[in-house]
Amino acid sequence: MIKKQFKLGLFTALIGNLLWSGMVNVSADDTVISDSPTVSALTKKVEAAKKAAKAALATNMVSEVAVEYTANTYPAGQCTWGAKEMAPWVGNYWGNGGDWAASAAALGYEVGTTPKVGAIAVWTDGGYGHVAYVTDVAANGHIQVKESNYGGVYYPSNVRGFFDPTTTSEGTVSYIYPPAGV
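Count the sequence shown with mature numbering (1 follows the signal peptide of the UniProt record, and there is no 0) and you get residues -28 to -1, 1 to 154, in order.
Derived from the structure by calculation, the hints contain no laboratory data.
Note that the coordinates shown come from a computational prediction; the quantities given were computed from them, not determined experimentally.
Treat the hints loosely; a few may be bogus.
Cut-off 25 Å, straight-line C-alpha distance, at most; resulting in silico cross-link-like pairs (DMTMM-like, lysine to aspartate or glutamate) [said to hold, decoys possible]: (1) LYS118 x ASP108; (2) LYS88 x ASP108; (3) LYS88 x GLU40; (4) LYS118 x ASP71; (5) LYS88 x ASP136; (6) LYS118 x GLU40; (7) LYS118 x ASP97; (8) LYS118 x ASP136; (9) LYS88 x ASP71; (10) LYS118 x GLU57; (11) LYS88 x GLU57.
Kindly generate the complete structure, drawing on both the sequences and the hints.
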């Protein structure tokens, strides 16, 4: 019995080494796969991410602060809660939506006026202000966001589709950029 187990283990190790070394090709049908498409795809993604990070750093659209991931303490359903749900790097106790840009800047986050995917859009008017998570930016500067407490929806959702963030009733818009590596 031990001899059979040894032979089976040796055979399994041999097949594993042949597969790992690329000396044997495996296919589920008649198509032979000689290279892992995931390696090529991942390499392209890494190169694209490096290029995007370099461009973001060059335009100063990346915050270089230490991130603490903490539980969401904002009132459930409010815009601040929705933004924190979408961007866990956001701090707690930044105040009402309209206060967020100043609070973030005071903590070292980059704040600007250029929309960027992954940033938090901050509007100052409307009583308490408003915040939303940017999910897409069009060439014309229009954005799509996920936001809570807008249009009667109290969970992060895209209620508006693409819109011009500078012509809303929420007032002046600015953006809090995510920290490097997020």
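Against the structure, the hints:
no.: 1; hint: LYS118 x ASP108; result: holds (10 Å)
no.: 2; hint: LYS88 x ASP108; result: holds (8 Å)
no.: 3; hint: LYS88 x GLU40; result: holds (21 Å)
no.: 4; hint: LYS118 x ASP71; result: holds (19 Å)
no.: 5; hint: LYS88 x ASP136; result: holds (14 Å)
no.: 6; hint: LYS118 x GLU40; result: holds (22 Å)
no.: 7; hint: LYS118 x ASP97; result: holds (19 Å)
no.: 8; hint: LYS118 x ASP136; result: holds (15 Å)
no.: 9; hint: LYS88 x ASP71; result: holds (20 Å)
no.: 10; hint: LYS118 x GLU57; result: holds (10 Å)
no.: 11; hint: LYS88 x GLU57; result: holds (18 Å)
Of the numbered hints stated above, none is contradicted by the structure.
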